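A.B. asks: Given chain A's structure and the hints, the job is docking chain B onto it.
As you go down the protein sequences, you meet chains A and B in turn. By the working numbering, the letter at position 173 of the first sequence is numbered 173, and the numbering carries on one by one without gaps. Quick note: to get the working numbering, add 1000 to the position in the second sequence (first position is 1).
If you are wondering where the hints come from, they were derived from the structure by calculation, not from laboratory data. These figures come from a predicted structure and were not determined experimentally. Warning: the hint list may mix true and false statements.
[Stated by the list, open to error] Below, a sample of chain A positions facing chain B; criterion: calculated Cβ distance under 10 angstroms:
no.: 1; residue: Pro29
no.: 2; residue: His67
no.: 3; residue: Pro68
no.: 4; residue: Pro82
no.: 5; residue: Val299
no.: 6; residue: Phe309
no.: 7; residue: Gly311
no.: 8; residue: Ala318
no.: 9; residue: Ala322
no.: 10; residue: Leu328
no.: 11; residue: Val331
no.: 12; residue: Leu333
no.: 13; residue: Pro343
no.: 14; residue: Leu344
no.: 15; residue: Val441
In this text, a Cβ means the ideal position worked out from N, Cα and C, and glycines have one as well.
Number of protein chains: 2
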Amino acid sequence: MGVKIGILGLGTVGTGTVQLLLSSAGRHPMLKEIEILKVGVRSPEKSREVELPFGIVTSDIESIVTHPEIDIIVEVMGGIEPARELILKAIENGKHIVTANKALISRYGDEIFSAANKAGVYVMLEAAVGGGIPVVQPLKQSLSVNRINTITGIVNGTTNYILTRMQTEGSSFEDVLADAQQLGYAEADPTADVEGLDAADKISILASISFGGRINLKEVYCEGIRQVSQTDIAYAEKLGFVIKLLAIAKRNTPSSSPLSHSPLPTPYSPSLSVRVHPTLVPVNHPLASINGVFNAILVEGEPLGQVMFFGPGAGAGATASAVSSDILNLVALLKASTTSLNPLLTCAHQDYCQISPIEEQITRFYARFLTKDQPGVIGKLGTCFGKYGVSLESIVQKGFQGELAEIVVVTHDVTEGNVRKALAEIRTFDAIDSIPSLLRVL
Amino acid sequence: MGVKIGILGLGTVGTGTVQLLLSSAGRHPMLKEIEILKVGVRSPEKSREVELPFGIVTSDIESIVTHPEIDIIVEVMGGIEPARELILKAIENGKHIVTANKALISRYGDEIFSAANKAGVYVMLEAAVGGGIPVVQPLKQSLSVNRINTITGIVNGTTNYILTRMQTEGSSFEDVLADAQQLGYAEADPTADVEGLDAADKISILASISFGGRINLKEVYCEGIRQVSQTDIAYAEKLGFVIKLLAIAKRNTPSSSPLSHSPLPTPYSPSLSVRVHPTLVPVNHPLASINGVFNAILVEGEPLGQVMFFGPGAGAGATASAVSSDILNLVALLKASTTSLNPLLTCAHQDYCQISPIEEQITRFYARFLTKDQPGVIGKLGTCFGKYGVSLESIVQKGFQGELAEIVVVTHDVTEGNVRKALAEIRTFDAIDSIPSLLRVL
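With the rest of the complex left out, here is chain A (with noise of 0.2 angstroms):
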């Protein structure tokens, strides 16, 4: 009896998840099995959060993922390399593996799986998408059977705490960065999350497990916060929306057949459109009162309708819940079968997701130019967006700024290619000062 697991790295998930493990009354009685036999850091010296007894803090953090005695490996050290590295050999050495790492698993998934499956062993991630919130393992079993068409998510807690402020204070973008910076809640370099590169690496996780095929992240259109400003949160205000950064896939042929016998051409790898960026987002949708740190990820998919998760996206407690149920789970499978692999828990797709560029998406778009204040530039907008196709839900003269007039057109559903073609037209009027916005409309 007793699974014995070897952690590498001790920071604020580590710890959480060491001091969940060690903290076992009161939670199910199996994780009563688990043993910590190594934890690898770099600093063994350093002095930690969490007590363990002599011998199992090392720095020799390759001895771990070699043990013999080892049966689970939980890599929480993030970062690409020596993780990577780590993870590869310990699957070498027929551990199965634990791991929080959204960075890692979308830039080398198609890697690591391919090892797992070689070796037929278990690669869990819960903890890489949404925290606590359980979306990873809910796709692969309890939605299993749908056709998913669409997945969209708040998946970075900095970003969504940011507009939230944007939105409820009327600050700007600098001021609210400065502050959640200081209150811990940006990093002091904060690329990854207000570029969209940390929702990036999600929705490519999210959508390789949702629609059966592996993702390249190079193709995963990515646009951050940094040019969202208080004018367009306002608009989008009046107009019934507020803005969110959402990471989106989505199949480019929805199945939508309700449920009738007939065979859909369907692929099960289909061609998707996968992208993060600003989005205005009606009110009354379930993401809009999404707030704060909170996460969201809403499945839509067929015969199932809409669900969606909903919780802490980051945080000790809530990424140690995620850790240890992965590690619980596998304790469970490991107890219900050492030689077969749970093939809805296994990455059996090998092929690679078709993403089509965003020239090619159709969404609905919010813009605003400033124009000199000349008659019939309305006119001339619409004429022009015509033109390419481009048919219009709204076109309104809102407010001035200075001598130019502020003018925002809201799109129906078009071809993203179009309205660029469009707007490079009109960039070219004599009337128009500039665009100084365009947004995705949800």
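C.D. replies: Below, chain B without anything else, positioned relative to chain A:
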């Protein structure tokens, strides 16, 4: 290869499930390994929405649960008998079970799970709670390491639809119910829904899974929405609340220890408060914005914090998603091991949770009084409440109903027994005409 299933019942959920299983294109490839061997119905000659090959549909239901080739029995007939007897016989014959039958599981779970454990088979019931929303499996697996403190759910779509329309339209309960019946959102006999019985079934199942002990349904306090009046909805709104029918299961001694080492005295089958009643929910609470027929389940655990699951609580597609995913999970489990069961997915607990009487529960209360317009009534109310240890958050006299003044009181957290004693005494006051409403506050 191939897993053979027998389906009992071909109503809405059964039809949705058969349709899903027969349209496997674009879904998880493992679905193709499922073969529907038999479908049991009462009237095989009745015309159906699904076409099945000759010989599959039969009225000899008993022969299905004993059929030697069938691995999984899918019970979607509903009702207590003959569902109970058929499931027990199927288990006796070594079949795994998938059921959507909350009424049966909440009443006879004890008998069914004991039989299943003895026979070494699974009983899967994702569809019994929350329709297509994954909540049973996430509680069993993804959240398995947490000490769950509270489950708070809107788990009955009919009553939530009625309350939402009462709130938005200002209509009376009777009018909205009649309309809901016409629209098919409420049954001709709405008792199970509007009296809270359906919600009680569901919360007892969720509590059993979350707290690792069985629940005696008879001990679950249950109060429906018939007595919720437009007056109270309006007062609640003024005070910053909406009224929802909540199903609540709560650990009486919450485990709040923030990741501490020290083993807590919390038992794994703890003392609980389990109840269903209309509740004033603060407007900024995540459950306050769950409207119409949607369901949502909020789980609060340590170290997790709060997560919420939201989606369609009923309907053929959503329920078929849950039933079929349970089937697919069984297929995956059987592929990985045909000898041992996954301990997180079996029912391990034997003991009953202790459920404290409603008098001992601690919550806030909202009470509305009709009083004769005499000076000093508010003082007398306050004094009497104080005598029983009931401290008040607010006490306001807002309006008149004819000759009578209307006073609304919101208490701080108190035991229900003390509130009842205070109200019994207040009822004897000369100045008190009546106490039309007593509602609990989240």
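A.B. asks: Hint by hint, note whether the structure agrees.
C.D. replies: Structure-based check of all given hints:
1. Pro29: holds, 6 angstroms
2. His67: violated, 23 angstroms
3. Pro68: With Cβ-Cβ at 24 angstroms, over 10 angstroms, it is violated.
4. Pro82: Interface hint status for proline 82 of chain A: violated (27 angstroms vs cutoff 10 angstroms).
5. Val299: Holds, about 9 angstroms.
6. Phe309: holds, 6 angstroms
7. Gly311: holds, 3 angstroms
8. Ala318: Result: holds, 5 angstroms to nearest chain B Cβ.
9. Ala322: holds, 7 angstroms
10. Leu328: holds, 5 angstroms
11. Val331: At about 8 angstroms, which falls below the 10 angstroms cut-off, the nearest Cβ of chain B leaves the hint on valine 331 of chain A intact, so it holds.
12. Leu333: holds, 6 angstroms
13. Pro343: holds, 5 angstroms
14. Leu344: holds, 4 angstroms
15. Val441: Interface hint status for valine 441 of chain A: violated (21 angstroms vs cutoff 10 angstroms).
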